[in-house]
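So the chains spell out like this:
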Amino acid sequence: MHSLGEVFASHFNYIAYVAIMMVGLYAMAAKSNLIKKLIGLGIFQTSIMLLYVSIGAKKGATIPILAKGATTISPADYINPLPHVLMLTAIVVSVATLGVALALVQKIHKHFNSIEEDEILKELRR
Amino acid sequence: MKKLTLAAVVIAGLLLAATTLDFPKWGDPQTPASMHVSARFIEKSLEEMATPNIVTAVLGNYRAFDTMLETIVVFTAGLACFFILRTRVTRESLDPAPSIKIPLDLAGEDLVVKTVARTFIPMIQLFGLYVLAHGHYSPGGGFQGGVIFAAAYILLAVSHDMRTALQHMSERATHLLSAAGVLLFAGIGVICMTNGVNFLDYGGLAGILGMPLATGHSFAILLIETGVGLTVTAALIMIFKLLSSHGAVQEGF
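Top to bottom, those sequences are chains F and L. In terms of the numbering used here, the first sequence is residues 560 to 685. In terms of the numbering used here, the second sequence is residues 158 to 410.
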């Protein structure tokens, strides 16, 4: 059985992703300011990207760009390109969705003159 | 309420942390994620499409449907911002009201800021083109190049004002360009189909152009990356314009 320290060292990327994800989740759930919620959403997305990219890592391997003049291509020499592709598109989509979210927040602010959740709810219940 | 949320978040985090013990170790080359399809990508991509950057090869060819629909997502996000925010320009709002100095206009009349921005914008654009065109051989591609291009435009708008920025690229142009990017991407797929192969099977394009198969794949990836770059640039510029001017694009900051 491995000691706790060993497990912590070999699974550090997962611990880091869970920690960052918790920060984002807390911000999304607990903050009442809509912009702060969006920042939490961004932090959450970043943690998922970290998880994916870290899954693609291989010890002793290099970036997934084939070396010039390489004759034998062994999969152990290059890290997994698939998570990088998935996250590349995810980053751009997260920017685009953030744009839509900001547009909605701006519309809400125009309508209710506030971006605080409790004030908007009070206005809605009236 | 906040304590309850914190407790729920901590419990969720601890549960996730507990499940990660079953995950493979960091940097393990024998993980399930690296065993199946990714090994084939690494071994075959150079031979099949003459593209050393495996990420570009996977993005542009093996997962071309995914990339096309992601491009459509970006296009749709730009359109959604337009529909949510764009306000109809009335006659009074079109009338120039120069007496009101909007506080967000930080750049003002600062000559240094304007000159530095004007010097750097062509270089940023050149770098964006390099990142776009060199995506086969180094980190880069349509998404990254498009974002850099949009950043150059945003620098122009921030350092000068929206009126100057609109003179360089009108709202109509951004709409047309973002649609043109998606059209270019999907159009390549349709052109491939005319040669009797599947949608987005670049072998069809290689056959039409009389190229070797791998070269045709590489060329088609460059074309679709250009489409992606156009859409990303135009959609980001569109979102920026709408957000920074509260939907009244002509009005500036």
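Simulated from the structure, these hints should not be mistaken for lab results. Possibly wrong hints are sitting among the right ones.
Facing chain L, from chain F, some residues (calculated, C-beta under 7 Å) [to be verified]: (1) Ala588; (2) Lys617; (3) Asn639; (4) Val652; (5) Ala662.
Note that beta-carbon positions come from the ideal geometry of N, C-alpha and C, so glycine has one too.
message: Tell me the hint numbers this structure goes against, listed in increasing order.
response: Every hint satisfied by this model.
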